[in-house]
Structures are given as C-alpha cells and as structure tokens.
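Take the given structure of chain A and dock chains B and C to it, following the hints.
Protein chains in written order, with our numbering: chain A, 1 to 353; chain B, 1 to 353; chain C, 1 to 353.
To be clear, the hints were calculated from the coordinates, so they are not data collected in a lab. Owing to the predicted nature of the structure, the values given are computational and were not obtained by experimental measurement. We treat Cβ as the ideally placed atom computed from N, Cα and C, and that holds for glycine. Wrong hints could be hidden among the right ones.
Just some of the chain B residues that point at chain C, by a computed CB distance under 8 Å [what the hints assert, rightly or not]:
1) N144
2) T325
3) H326
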Amino acid sequence: MSLERRKTTTLSVLAELVEGDISGDPSTFISGLAPLDQAGPEQISFLSNPKLRSQLSACRAGAIIVPPALQGTVDRPLLLTENPYLAFAKVLTFFAVPAYVSQGVMPGAQVHPEALIGDDVTISAGCVVGAGARIGKGSLLHPNVVIYPESVVGEDCLLHANVTVREKCVLGNRVILQSGTVIGGDGFGFAPDGHGYFKIPQVGIVVLEDDVEVGSCCCIDRGTLGVTRVARGTKIDNLVQLGHNVEIGEDCLLVSQVGIAGSTRIGNHCIFGGQSAVAGHLKVGDNVTIAGRGGVTNDVGSNQSLAGLPVMPHREWLKTTMAVTHLPEMRREVKRLKQQIDELNRKLSEDES
Amino acid sequence: MSLERRKTTTLSVLAELVEGDISGDPSTFISGLAPLDQAGPEQISFLSNPKLRSQLSACRAGAIIVPPALQGTVDRPLLLTENPYLAFAKVLTFFAVPAYVSQGVMPGAQVHPEALIGDDVTISAGCVVGAGARIGKGSLLHPNVVIYPESVVGEDCLLHANVTVREKCVLGNRVILQSGTVIGGDGFGFAPDGHGYFKIPQVGIVVLEDDVEVGSCCCIDRGTLGVTRVARGTKIDNLVQLGHNVEIGEDCLLVSQVGIAGSTRIGNHCIFGGQSAVAGHLKVGDNVTIAGRGGVTNDVGSNQSLAGLPVMPHREWLKTTMAVTHLPEMRREVKRLKQQIDELNRKLSEDES
Amino acid sequence: MSLERRKTTTLSVLAELVEGDISGDPSTFISGLAPLDQAGPEQISFLSNPKLRSQLSACRAGAIIVPPALQGTVDRPLLLTENPYLAFAKVLTFFAVPAYVSQGVMPGAQVHPEALIGDDVTISAGCVVGAGARIGKGSLLHPNVVIYPESVVGEDCLLHANVTVREKCVLGNRVILQSGTVIGGDGFGFAPDGHGYFKIPQVGIVVLEDDVEVGSCCCIDRGTLGVTRVARGTKIDNLVQLGHNVEIGEDCLLVSQVGIAGSTRIGNHCIFGGQSAVAGHLKVGDNVTIAGRGGVTNDVGSNQSLAGLPVMPHREWLKTTMAVTHLPEMRREVKRLKQQIDELNRKLSEDES
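Chain A on its own, in the form it takes in the complex (with noise of 0.2 Å):
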C-alpha cells in the first residue's frame, strides 16, 4: 500500500490535530501514514489494536501513535493520545483526503431551472435536479445521481454515483451517502381488496439528519404519512432496509444486511449487527446491542446486549447454543436415565412381590 503524498508536516503540527503529547523531537518530518509493519523513516504510525504491540520493537516508522502508558517502552518519536485509533483516523484524513474543490453544474447534468443550487456545488456529468430541489453550499453529487423534485441536500453533502433521493425528502448537513442507495422509496403497504392489493399511497417523507452517512444499495422507504427519520450521526453500513415510518435514534451504528421492518422505533446509541432484524411496530431502547443475525421480535428496553432469534441477553444466548449443540448427546442421556428408571420401578415391584 502506498499513499499518495499530499502534504508534508511534522510531529508538532499532528500533535496539535489530534490534541495529543509528544514524546521525542517535536520537529520530525512526516509526510504519510502507514501501518506498523510497513511504515518508513518519513511515514508516522499507530498501535490502535493491542495484539499488534509486539510489531513495534520492529517498526521503523519516523514516529508512532500510541497510547500515554507506552511511553518509555519504544525507541522512536511517540505521538501520545489516550485514543490513538481516532487519532489515526484524523491523521488519516490529513494526509490521504483531498480538498474538495466546487466544479459547478458540469456539462452532461441536468438541473430544472426552479432547483435552487448554492454556492461551491458540484453536479456531475449524468444527475438530474427536479423542480424546486435544493442543493446547500459545498455539496458533491457525483454522476448520474438522481435529486426528484422538492427534495433537500443539505451544506457539504457528499452523494455518490447512481444514487437516488426521492421528492420531498430532506438531508441534513454533512450526510454522505454511498453508491445506487435509495432514500425515500415507496415503503411496502398494500390493503387486501377481497382479491388482491390495492396500493397505499406513501405520501410521507424521509429525514436524514445532520452528519448521517449511508451504506452502497441501502433503502430508506418514504413514511406513508409523516416521516421515516434517521437521526444525527447515525452510520448505516451497506444494503440495509428501513421501513416505511421507522425511527432510528442518535448515534446509532447499523452493519450490513440489516432489516428494520415499517414503525419500528431505535433509541440512541445502538448497535444493530449484520443481518439482524427487527419486526415491525416495536420499540427498542437506548444503548440497546444487536448481535450479527439477532432478530428482534418483542419491545426491548435501554442498555441491553442481546442476541439470537427471538433475542435474549447475550450470555444466556451463548450458554443456549452451547447447550443446542449438546442436545443429541443429551436425548441418548434422557433415553438412558428412562431405562435405569424403568429398570428400578422392576426391581422395587420385584422386591415389594
């Protein structure tokens, strides 16, 4: 691996972007990031993961992030921070992402005339921009992303090829939403007829708030009347589905292949693991962890780290399929017990006859 080199600084400026101590000369020259196996003499590092601690005695990086107790035990340039991997990743950001720079409506997009585009915007090659959209100063939609009629993009958005945002729906600041993801679809609603399905109309919206990032091929359904709400800071990973009306709170992290059927409530602060799911019109607490697989069936209340299918606390899930994969063995054993059972009853009637 091989970054580009954008910049050059030294160990005092990085020390200074992520609010940390420095131990050694404060004017080394970094011009890159790499990990600890592969760093040079111009390149600083990081030990994020504590199993990788044996690889610095090797590293020959000209300085490495780590954590204030490593202080003495290496013999380089140390960039001292109680959270080296957010340190990273601010460093990281310093070196490797580019600044962005506005190209305006490019030739090929096709923005209505009543779209309201604001300052320092890219459209590229290939998006259409309906009638009465909004796109916020220093927002990049790259090609062929689809803004229907009425919808808002918020200021220094980031929307990613073959995206589509259907009309009226509203993003926040900063959101960025990854490749051919769908916000605002219809959501699944159907009314039996006597013999088939007649539509619901899904004439509601959906909010993404402030500094929300979206997953590739993730679908966020329009509500059928009112909202489907993803709160501020919420990360959704990829080919995710939210229903039509649901709510998910604060800070929340969703990994991929998740599925949270129509209404259904998240608080603040949880973790949904891949491929769990949640039904329908339920209601789910704050700091609430949902294992890989997990599948939510029942209202589950704050501060709870559940697993299986239905869920239960993580422990209990872990001891149940520990014990599921004893269970043949265990039916042998109740068939045994039943023998020596029915050999005792003989006996004692032996005895009492």
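The following block gives chains B and C in isolation, referenced to the frame of chain A:
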C-alpha cells in the same frame, strides 16, 4: 405531517368512491386526510387499527372512516365500511396522488430510433431505451432508467430512477419498479470445467405480469433457458432476490430481503416474511405463510403457516424456541436426575446386599 | 422457450467444440439447443440431471448430449462426454451468445479527455469515465456505468447498466459486473470520539482479478488502507456484501445475500450458500463449504462442510436441528422422569421406614 390539498370534496363523494355508507351530513366538506390525532375539521380520518379506538372521542376530524359496528358510538360524521383500511387507501389516493401528465421524450433521454414508444409516455433525462424496445401507452420512466434492446414495458407502468431492465424482458401493465432494481440480470450459473468455472449463458427472460410491484434494489434474474415469472398482482419489497427460472404465483407478498433460489416455484397468495428464504428447485403450494427469517429446505404443501430453519408449523416453532431458551436449565435438570438415579441404584444395591 | 437461430452447424462441429465423441451420424444438422421435453429434430438437447433420464425415450431432439455410459440406450444421435453440463454450457454459448461488435464511445457518454480508452471498446450513452481511468481493449460498458478517476478496467470486461466503480479500483481481464453493483464504496469505519463517530477515510482500493463475475446490486467495499481482493475465477451472486480489506481466494462461489465482514480472509475453492455470513477479522481455509444461512464466528480450517449458527459440521447440524424439533417432547419426558424418580424415592423411604 401535512398533506397538500390537491382537491376539495364532500363526504358523499368519498362514500361513493369507497362504496361505503354515511352517518351524518353527506355535504360535510373534506379537503384532505390525516391520522386520528392530527386531523382537523376539514380533514377525514380513519380507524383501521382497533388499538387506536380510544383516540376516537378526542378526534377533531370533519369525518371518520370506521367499521359499521361503530355507528352511534362517535359524535362525528362517519363513513361506514367493512374495510376501513382499504377505504383509507382509496381516499388517500384521491387526495394525495397527482394525476399523471405525460411529458414525452425529455431532453437528455436517449431513445433508439428502432424503439417503439406509445402515446402519453414520459421518458426522463438520462434514460436509455435500446433498439427494438417497446414502451406502452401512459408509462413513466424516471431519470436514468435503462431499458435494454427488445424489452417490453406495458401500459401505465411506473419505473423509478436508476432501474435496469435487461434485454427481451417483459413487463405487463401497471407494473411498478422502485429505484435501483434490476430485472433480468444474469442468473448464477457456472459449469465446473475441472479447474475453474465456465459461464453458462443466461438466455432466458423475466416476465412480470400485470400489477406486479417490485421494491428498491431488488434482483430478479432472467431464466437460463425459459422464463423467470412473477404472476399478476404480486408485490415485492426491497432487496429481494429471485434466482433464475423462479416462478412466483399471483397476489403474493415478499417482504424485504427475501431470497428465493433458482428454479423454485411458489404458488398463489403466499406471504414470505422479511429475510426468509427458499432453497432451489423446490415447490411451495398456495396460501403458504413463511415467518420472517424462515428457511424452506423441502417442498411445502398448500395452506400452511411455517417458521424456523428448517421450517416447521408456526405453533411448533413457538414451542420449540421456548424450549430452547430452557435448554441450559434442562441440561442441569438431567444431570440432577442422573445423580438421583445413581443414588437410588446405590441404595437399592445396599438394600439387596 | 425458443432460442433464436444464430448459426447452423453439424453434430461433428459441436463434438469438436466440447471434445466429445459421437454416436450416430456426425453430419446431423443442428441449429439450436433446447431442453429434453422441448427440443425438435433440428435442435440438440442434453441430459445433465440424472432425474430427467426418463425423458430420454420421448425426446425428439436431433441429437442429445449424454455421458458415455448411456451409449446404446437411446435411439438418437448422441454427443458423448464425461461432463454433459459443461458441454451444454459450451454449446449454448455457441448458439446463443452473439459475437461482440464494438461501437466505440457512443453519443451521450462522457469520457474525460485524460482517460485512456483501448481498442474495440464500447462506452454506451450515459456512461461517465473519469480522469486517468483506463478501459482495456474489447471491454463493453452498458449505459449509465460510472467509472471514477484513476480506475482500471481490464480487457474484454462486461459492465452492465448502472454499475459504479470507484476511484483507483482495478478490474482484471474478462471481469463481468451485473447491474447496480458498487465496486470500491467506502468501508464501514468510524472511530468513537467521545460523543459520536469520526469517519475513518477509506483510502485503499478493490482488486477484482481475472475472470471474476459479480452479480447485481453487490457491494464490495474498498480497503481502509490496502486492498479488498477477489482472486481469479471467483463468482459472486446478487446482493452480496464484502467489507473492507476482505480477501476472497480463487474459484470460490458466493451465493446470493452472503455477507463477509471486514478484514476476513477466505481461501480457494470455497462455497458459501445463500444468506450465509462470516464475522470480521477471521480466516477460512481452502475447500470450505458453508451451507445457506450458516454463520461463521471463528476461524475455520480447510476441507470442511459446515452449517448452522455458529457453524458446526454439516452432519452434526442435521442431527442437532432434528433434536431441536423433539425438544418440547423431550422437556415433557424429563418432567415425567423427575416425577418417577420422586415416586421411587418416596417408595424407598417408605420401605426403609
């Protein structure tokens, strides 16, 4: 939530629309629809969920859609109908769905000169329609839809942005495709050739019959030979996978993230819960319901409600999952019984000796 | 089903194509391929599924592809080969796959002047190819494909409509991407910063080696640093998720809706059934088969067939799921045993007293 007023009308017009009866003033003026707790005196509301019945007394709506049994219990003009949910859907359609206005082939669309385009069609910017494709009367293609050569889109279809319809596939009338969906992608077919895999050409097609709706980011693969078919009236939610040569019957509901493997045939009026799946080359009868996350690994006869992996009758599944949660306890119990039996045996041999 | 006649040929030409032997007249005229129950006297048919053997006697095909053991049992010209399924694939390719005709950069495509476009390429309407991207000789991009800057598409690749390939990603030769798929989306990486999440830039790439095929609406995320890699010959079905820095070996099959979490490494010749999943940072050996819906939560050695959540040997899983269905009955049995033991204890103490 506030729905735009598109039209104003009277209670009697709406009663005719839904074939219901009126209790109260038929000339009551109605300009929109809203939930029970939000409706004002110019709006009609509805009681489709019996749990919300307590909201009726405080409801300020100009009229309320209720089942006939509630006549006389609410001091409001009522629209009486056996199916309030269906009536709600019809009234919402009346107020909230704008009449379609054709815009023809719009600037930025690429329609092949040998494509056949019906009357009153809209083909939006960024759409590409291939040679020999046919787009039926009244159909609307949102931006960036791609129709491959020789495909057929019926009349009054609605294809949302970024949909792909591959070559020679056939859509009936009033078919709705949500954004990002792919109709007629290659099926997953490869022949082992001793070292790797040789691609089996997928030269069949997909047929979606009249009134089929498919959600966002779904994948319905074309047949290897022959047809992958979704029959009339079936509704499919988001992120659903149908393998090559699958056949789905009429008026089925497939909830989000369902996967149906190749060559499997599903009957009419089936319901598949979210994330459920059926293995390949199986047959499922009519009126079968599979609970969310259910996994079908064998043929299934008609008129059943199943759950679990592999599926079993739903009631049995409830008992089984309940029993599973008691497994660790049961395991301890079996150990205790074993000890007691050992003790009994010991005593008996003592008695005998 | 009727396949278009593109070519006509003789049995001897087809025998040479599939390296098979002929029983009957080598000059038999063949103009297409059809299943056993549909083929007419100018078509060749095939027996790849032994269950269909009973259809052989009534088959009206001009010739039939069968294994050598069947020579003499059918009164038709035969094409004899040890691998009829592979022969079927090759003959179908011969008849049904039209030769590729390059159309160059088509009207409505946007190719950056600093992109490098090889000979015999087709770049369809609505495609956008960024600065510094390279499209290899003979590759075909269907409409609305987006290639970000500095990406490389190899020779003879086939990218279907609405595909996205992000910056700097690398596709080998003969790579096929079905519609809607996203190569190189940002991985799901965020560092907690005390109140919310700080985005970790995803500055690695994706490499898809030669002869890889990826289905519709798949998401293969770029590495955080370094590479997400799918090795030569591996085939991926629809709606599959590969997290950042995943590595998949050669000649694997990943069936629909599989999810592989970040940094996990899979060996060669593995098969993952539909909806199966692997947790992050794990290692799976060569020749491993995971049944549909299987969930891998620990490292897995080579040459195993596993199922369940967490996975166990497939045979064990069959026994275990069978035992689970007997659980409610077993629970009742344990209760009965307990009562009998209590009764025995009561009797014994009576006897003793």
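Structure-based check of each hint:
1. N144: Hint holds; N144/B Cβ to chain C Cβ min 6 Å, cut 8 Å.
2. T325: Not OK, violated: T325/B not within 8 Å of chain C, min 10 Å.
3. H326: holds, 7 Å
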